[in-house]
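Top to bottom, those sequences are chains G and X. Heads up: the first sequence begins at 1 in my numbering, then just goes up one per residue. Heads up: the second sequence begins at 327 in my numbering, then just goes up one per residue.
No lab work stands behind these hints, which were simulated from the structure alone. Since the model is a prediction, treat every value here as computed from it, not as a measurement. Think of the CB as a built atom: it goes at the ideal place given N, C-alpha and C, for glycine as much as any other residue. Where hints are given, some of them may not hold.
[Claimed, not checked] 25 Å max Cα-Cα, derived SDA-like pairs, lysine to any residue: (1) X:Lys567 x G:Lys31; (2) X:Lys563 x G:Asp317; (3) G:Lys260 x X:Met559; (4) G:Lys167 x G:Thr34; (5) X:Lys567 x G:Asp291; (6) X:Lys506 x G:His257; (7) X:Lys563 x G:Lys15; (8) G:Lys15 x X:Pro499; (9) X:Lys541 x G:Thr34; (10) G:Lys69 x X:Lys359; (11) G:Lys222 x X:Glu576; (12) X:Lys558 x G:Pro295; (13) X:Lys359 x G:Asp33; (14) X:Lys497 x G:Leu182; (15) G:Lys222 x X:Gly589; (16) G:Lys98 x X:Pro499.
[Said to hold, decoys possible] Cβ-Cβ distance ranges computed for the label pairs, FRET-style: (17) X:Lys394 x G:Gly232: 18 to 26 Å; (18) G:Asp220 x X:Lys407: 46 to 54 Å; (19) X:Glu477 x G:Lys193: 19 to 27 Å.
[Said to hold, decoys possible] Chain G is faced by these chain X residues, among others (derived, beta-carbon under 7 Å): (20) Leu379; (21) Leu463; (22) Met498; (23) Ala545; (24) Val549; (25) Val554; (26) Val565; (27) Ala575.
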Amino acid sequence: MLSEHSGILAYSENKDLILELLGKGSELASKMDTELAAVVLGHDVKDQAKELVGYGAQKVILVDNPQLKEFRVEPYLSALTQLIQKRKPELFLIGSTKRGKELAARLAARLNVGCVPDCLELKIDDQGRLLVERIVYGGNAVVTQVFRTKPQIVTLPRRRFEKSECKAGGPGEVVEVSDVQLEPPKAEVVEIKPIEIAETKIEEARVVIGGGRGLDKKEDFKILDELAQVLGGQVGYTRPLAEDRKWFTEWIGLSGHTIKPELYIVCGVSGVIQHVAGIRDSKIIVAINKDPEAPIMEMADYIVVGDLYEIIPALSDALRKLLGST
Amino acid sequence: MVRILICVKQAIDVSQLKADSATRHLILADAPKKISDFDKNALEEAIHIKEKLGGEVLTATVCPEDAKTTLREALAMGVDKSYLISDPIFENSDTLATSYVLAEAIKKIGDFDLILCGEASIDSFSAQIGPRLAERLGIPLITYARKLSLEGETVAAERGLEDCSETVKAKMPVLITVTKEINEPRTPSYMAIMKAFKKEIVVWKAADLGIPSEKVGEAGSAVQVLDVLAPKMERKKIVIKGETAKETAEKLAKALIQEGVVGR
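Please put together the full structure from these sequences, using the hints given.
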């Protein structure tokens, strides 16, 4: 029964994430010796579908319908369900946005199959099985799982996998599918307030300076800003600063932004597992903290026990001098 | 009068979890358990609605029988009655199987205006039970709600998404998953805790719901766990120390330049 499934499908409503899915998808498709196809849903999106051709996908499946103009769960969900029932892929990759995760879980429920969200690694073992890894227990463990049903539905987080290296306009074709029955939305969207998103996303920064409860006032972040400027990096925050002190709306951590910069300098952060899980793939971690016993010290490459109010400005000065002279 | 059911998970308190550093195995046996954080937000929201509009607040939990102690806390917060669906054959159920058990239990408990879940559980964080349950029950779903209001037969919710906040309305019955931002869960008073001991926890087994063994546990699960290991954390842990802050900073700056992670 499992053998009738073949091919990989990839879908994300996020235009960057779909390229990352296609990046990982092409690698898996060649290992699994199968075909990779991207799915595009929307209205007047033929150009968008054409652009995706060649990004490692042999086919771009397009459903272009006025009912898909805005993202509404039920019409999107019903389109994806029917595409899967028709094409029977062995693997369906979905981007791990909040919308994507809801789609994935409901799709799995409709198809009566398994779904593994937020996969950090996907491997094919020597028996040809797909092994998927994800973080559980608040960052305390990595679980490796296999599926017993197909299609195997997996969601992949942002900035985890490299974008497809293939260029637009490569070999491939757009396949338009029109015989799809779309369900009407069950909930009515009455208002949408866009959130201002920082121009450079923290996930893309090469250097990140993280501040936590060791900073007494929001204004004190200017010393972190200054260091970020010297290093061409970005400043990030921990969840208590966003949620308890309401200084910011976003944070670094398992439930917020997961980062993997070249350098993460973390100041005045104790290092609860929730935060640590969001930074564990950073190349070099520098921890600056008054408390030598803080858990964050256990997972740093460079440890400075001291007052961040003295160390950070001194570090900005030192780097300015050293980098300016080279 | 509003009838609300909250799906409550007894989760492992991940902040107190330890691993064996040699084998990387988690020490799960004595790890403390508690109501999953976001489920507490769901409980608070439901009780708050009941206090305002009147009605009944019930919970459903699929867990081993030791969850009774944990459920007392929900009852102390203000829940009227809890249902514990517990059977050895449920062990190792994934979200496909667990959502099936929950859906069968909810159908037996009765009709609800609102079913609330946390956005995800703190231990497995898969965010699947709510959506899967809504599909199984065939009712509208609103995920990631951080504000709720009820008006007649309609519920309005503000959802926090990555790029926007969205206000949606749906006709009840609706299943809603809530985030931490929605409220601050109450700490029950001594009186409330005492009163909770008089409230009922109904325990159902698989047979009470007519659940066959092949649809639950490992046999009824679509995903199988191969291993669970603490992540490898190999860091250099080099302590940088100078006589003054300036000297420390200079040493650190040099080390970072040597690592090739700063400068162009």
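Exercise for review: Starting from the hint 18 to 26 Å, judge whether the C-beta atoms of lysine 394 of chain X and glycine 232 of chain G obey it.
Suggested key: Hint violated: Cβ distance 56 Å, outside 18 to 26 Å.
Review point. Taking the closest Cβ pair, is leucine 379 of chain X under 7 Å from chain G?
Key: Since chain G brings no Cβ nearer than about 21 Å to leucine 379 of chain X, farther than 7 Å, the hint is violated.
Point to revise | Pairwise hint evaluation, lysine 15 of chain G against lysine 563 of chain X, where the allowed Cα distance is 25 Å at most | key: Answer violated: lysine 563 of chain X to lysine 15 of chain G is near 39 Å, above 25 Å.
Check your understanding: Given the hinted pair lysine 359 of chain X and aspartate 33 of chain G, is their alpha-carbon gap at most 25 Å?
Key -> Violated, at about 45 Å.
Practice item. Quickly compare the C-alpha distance for lysine 15 of chain G and proline 499 of chain X to 25 Å and report which way the hint goes. Key: violated (34 Å)
Practice item. Verify the proposed pairing of lysine 506 of chain X with histidine 257 of chain G, using a straight-line Cα cut of 25 Å. Key: holds (16 Å)
Review point. Within 19 to 27 Å or not, the Cβ separation of glutamate 477 of chain X and lysine 193 of chain G?
Key: Once the Cβ atoms are compared, 20 Å apart, the range 19 to 27 Å for lysine 193 of chain G and glutamate 477 of chain X holds.
Review point. Is the interface hint for alanine 545 of chain X satisfied, with its Cβ closer than 7 Å to some Cβ of chain G?
Key: Since chain G brings no Cβ nearer than about 10 Å to alanine 545 of chain X, farther than 7 Å, the hint is violated.
Exercise for review: Measure nothing beyond the straight line between the CA atoms of lysine 567 of chain X and aspartate 291 of chain G; if it is 25 Å or shorter, mark the hint as holding.
Suggested key: Since the Cα atoms of lysine 567 of chain X and aspartate 291 of chain G sit roughly 14 Å apart, the hinted pair holds (cutoff 25 Å).
Exercise for review: Take a quick look at whether lysine 222 of chain G and glutamate 576 of chain X sit within 25 Å of each other, Cα to Cα.
Suggested key: holds (20 Å)
Review point. Given valine 554 of chain X as an interface hint, is the shortest Cβ-Cβ distance to chain G below 7 Å?
Key: Valine 554 of chain X check passes; min Cβ-Cβ to chain G is 5 Å, inside 7 Å.
Practice item. Starting from lysine 558 of chain X, check that the Cα of proline 295 of chain G is at most 25 Å away, please. Key: holds (15 Å)
In summary, the numbered hints that this structure violates are 1, 7, 8, 9, 10, 13, 17, 20, 21, 22, 23.
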